[in-house]
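Residue numbers (the working numbering), protein chains in the order written: chain A, 1 to 629; chain B, 1 to 218.
Just so you know, the hints here were simulated from the structure itself, not pulled from any lab data. Certain hints may be false.
[Stated by the list, open to error] For each label pair, taking beta carbons as the anchor points, the in silico distance ranges come out as:
#1 Asp153(A) with Ser194(B): 49 to 57 Å
#2 Glu555(A) with Asp68(B): 26 to 34 Å
#3 Leu96(B) with Glu209(A): 38 to 46 Å
#4 Glu315(A) with Phe49(B): 15 to 23 Å
#5 Lys458(A) with Ser178(B): 33 to 41 Å
All C-beta atoms, glycine included, are put in the ideal place defined by N, C-alpha and C.
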Amino acid sequence: MIWQFAISFFFSERELWMNKQLEHLLLEVQKPGRYTGGELGSVVKDKSNIDVRFAFCFPDMYEVGMSHLGIKILYSLLNSREDIWCERVFAPWVDMEELMRKHNIPLFALESQDSIADFDIIGFTLQYELSFSNVLNMLDLAGLPIRSSDRRDLSPLVIAGGPCTCNPEPLADFIDLFVLGEGEEVTLELVDLYKRHKPKGDKQAFLLEASKIPGVYVPSLYEFSYNPDRTIKEIKPQKGAPARIQKRIIKDLNKVHYPDRFIVPYIQIVHDRAVQEIFRGCIRGCRFCQAGYIYRPVREKSPDVINRQAMALCESTGYDEISLSSLSTSDYSRLEELLGDMLSWTEGQKISLSLPSLRIDNFSPELLEKVQKIRSSGLTFAPEAGTQRLRDVINKNITEQEILNTCKTAFEGGYTSIKLYFMLGLPTESLEDIEGIANLAQKIVDLYYRNPQRKKGKSVNVSVSVSTFVPKPFTPFQFEAQDTLETIEEKQKHLVKSVTSKKITVNWHDSQTSFLEAVFARGDRRLCRVLEAAWKSGCKFDSWKDCFLFENWMEAFKECGIDPGFYANRKREYGEIMPWDHLDYGISKRFLIKENQKAYEGLTTPNCRIECTGCGAAKFREGICVESR
Amino acid sequence: MLRAVRIFYKKLGRLKFVSHLDMNRTMSRLLRLAKLPVWYTEGYNPHPFVSLVLPLSLGFESDYEVMDFRVTDDSISNSEIKSALKAVFPPDLFLLDVEDPVMKASDISFADYEVVFENPDEQLERALDTFLSSPSIVTAKVNKKGERVERNIAPLIHEYRINKDGGLVLFLKLSAGSSANLNPQEILQAFEESTGVKLPYYNIRRLMLYNNSGQKFK
Chain A
1 MIWQFAISFF
11 FSERELWMNK
21 QLEHLLLEVQ
31 KPGRYTGGEL
41 GSVVKDKSNI
51 DVRFAFCFPD
61 MYEVGMSHLG
71 IKILYSLLNS
81 REDIWCERVF
91 APWVDMEELM
101 RKHNIPLFAL
111 ESQDSIADFD
121 IIGFTLQYEL
131 SFSNVLNMLD
141 LAGLPIRSSD
151 RRDLSPLVIA
161 GGPCTCNPEP
171 LADFIDLFVL
181 GEGEEVTLEL
191 VDLYKRHKPK
201 GDKQAFLLEA
211 SKIPGVYVPS
221 LYEFSYNPDR
231 TIKEIKPQKG
241 APARIQKRII
251 KDLNKVHYPD
261 RFIVPYIQIV
271 HDRAVQEIFR
281 GCIRGCRFCQ
291 AGYIYRPVRE
301 KSPDVINRQA
311 MALCESTGYD
321 EISLSSLSTS
331 DYSRLEELLG
341 DMLSWTEGQK
351 ISLSLPSLRI
361 DNFSPELLEK
371 VQKIRSSGLT
381 FAPEAGTQRL
391 RDVINKNITE
401 QEILNTCKTA
411 FEGGYTSIKL
421 YFMLGLPTES
431 LEDIEGIANL
441 AQKIVDLYYR
451 NPQRKKGKSV
461 NVSVSVSTFV
471 PKPFTPFQFE
481 AQDTLETIEE
491 KQKHLVKSVT
501 SKKITVNWHD
511 SQTSFLEAVF
521 ARGDRRLCRV
531 LEAAWKSGCK
541 FDSWKDCFLF
551 ENWMEAFKEC
561 GIDPGFYANR
571 KREYGEIMPW
581 DHLDYGISKR
591 FLIKENQKAY
601 EGLTTPNCRI
611 ECTGCGAAKF
621 REGICVESR
Chain B
1 MLRAVRIFYK
11 KLGRLKFVSH
21 LDMNRTMSRL
31 LRLAKLPVWY
41 TEGYNPHPFV
51 SLVLPLSLGF
61 ESDYEVMDFR
71 VTDDSISNSE
81 IKSALKAVFP
91 PDLFLLDVED
101 PVMKASDISF
111 ADYEVVFENP
121 DEQLERALDT
131 FLSSPSIVTA
141 KVNKKGERVE
151 RNIAPLIHEY
161 RINKDGGLVL
171 FLKLSAGSSA
181 NLNPQEILQA
191 FEESTGVKLP
201 YYNIRRLMLY
211 NNSGQKFK
């Protein structure tokens, strides 16, 4: 029974499948399939039997949000409870928003098409800083006051989780509470607490109780004071709220809920395939990478569990592609065994298995053989920096020889296209490091032409993508200054000048968005006013080139008397109080300082599997921290 | 042995917002879900071979959609295929029949459509009648080269009826298929452009497909 709650039982063919007004509008917008709901695997429940209606909001468009694994997990988990109905909400694209505002259609959930203002809980997932303006816009589209203090009633309660909650301060005035870390357990605890408080409806009483749940951060219970130099003086908890809030983690990934079905969209989404999570966390500790720290410790699922869950997903969705999900697939300790198990059934069922996030330094010949059975159009590597010196600074433990060896194997296997990812503006970067990017790409081109078996008449393409380094909380580079826009522009020009071969194409990401990302990643609650002002002036969908209004953002900073450079381009002292210092992700500040010092000395740090370097995550007493090495 | 299979189904409700290309992918997935021994295309990226015989515009419902595919095991009967598909089809996709193909997809020559207008005003019936009875209805399109191309669509309208019970319903029999095809939307746009009348909201549904001797497409 695939259609869990088939609506056709209740309504005859042509009746009421959709709000009539909405149906009319949908013919006027691009991709109406974004707004219809009713996809295979979507869950429709009888409202009258529901205690808590939960609107899971992804502050970006349907195709992006539907590709996100977290929403699939929590949707399935919440809907596994009979008393909860979780529905999906995405940011309507600008054409739809315009019509909705014109015709007074409030933001609705896809499953019921009911306005989310009437829901019990509205939960946002914060995946990137540039979606913050969409959070405000969605609250406003729902007809709700955007500020938490202006929403007096308990319902709808507005909560948020996801990686950006490791510094949620720029949203502190808008969100009632944040959930730190992994959501599977704490979300249900919150719903249960909410159920108990719903009859009384006292929001303040609820928030006070909620702040006692581990992993729950109620920003209104903390007072920030500032020094004359604008840095933070003190973060003071009020009304008995905990001084430090520790993130939640799932202890046993083999036992935690995982969906046995996904919603299968009709329209094509970004990642239109089954996704199987294999582990959380990362052993590597690249010093720029926030994900490498905030999801620690590494906890793996066993090959049996992965295999069984993956099979169930393919069976229930009809997908012909499944991808393994983790931060670094080839670091899974039993990858060969797992791939052997999975290929034994995927090949027969014509399911293609994809392995994103492979590292190039730990490919065994056996693994390579298995990977070659797997369809891949091109190879992508992320050396991140052009010279060994700088790769040591950022602790990206890949050598040039390893990159060249893998490319050589790839060329021998018939590949003609290699994509390389780099960052500009990393700490200690010099012009020599930038030239190193061009040199590395050139060496790969030369390598191709040294291969005697290369196909005649086929040319090689090495594509170099450069992004701008953004210092992030809970990384050893959280103290660093981001290069100014002018410096980044000069560096980009220098890179283009250094590339001499037509076989190399250079692309770069817009550095203005990286600048804004840097401001908000390490911002504090004084930025709430800026966010509101920018949103009021029309900023939304900031990660979409066509929508990004840099001038409006700069105007908003000016209007609020706030210098964005204070957050993005200023080097911070080790002793400075960071806006996220009261949040505990298991990574100690002492460790981050030590790592930062090592970076300047050009010293690398071994990965978690080789040796524990005492980051602090061992206090969770889970996963790799307690397993024998 | 490979065997060709033709299925007939209705595409209704919110599925009218699923485009032709997306329907293709959806159908492949449904065939996989039904675990039928479907023939896959050969090549770099094998996928179930499916062919929707006449594309349906985004926003149209249909009472008579036709799709072809092949099975690799000819011992499976049409009724077995029908029950396997019934079990996986979503509510807005209503399976009518599974048959051996009789005609070729290229035989399709005519299609019936029904346009239901919501809250029409009193004048609309007459205005439509006058417009549709004209011997020449010229529409213009801009082609890929950016040139304006005019065509007279009147000869492609083979029959029309306007019915007034329960709102205003326009029935159209139009040329369809690979040699000459007329989309009812083109007629309605031409109507709006030439008369200056803004049409009320309408829903279009394809009712039936025929070959060139007027037989139901089988």
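Could you work out which of the previously given hints the structure breaks and list their numbers from low to high?
As far as the earlier hints go, 2 and 3 are violated by this structure, in ascending order.
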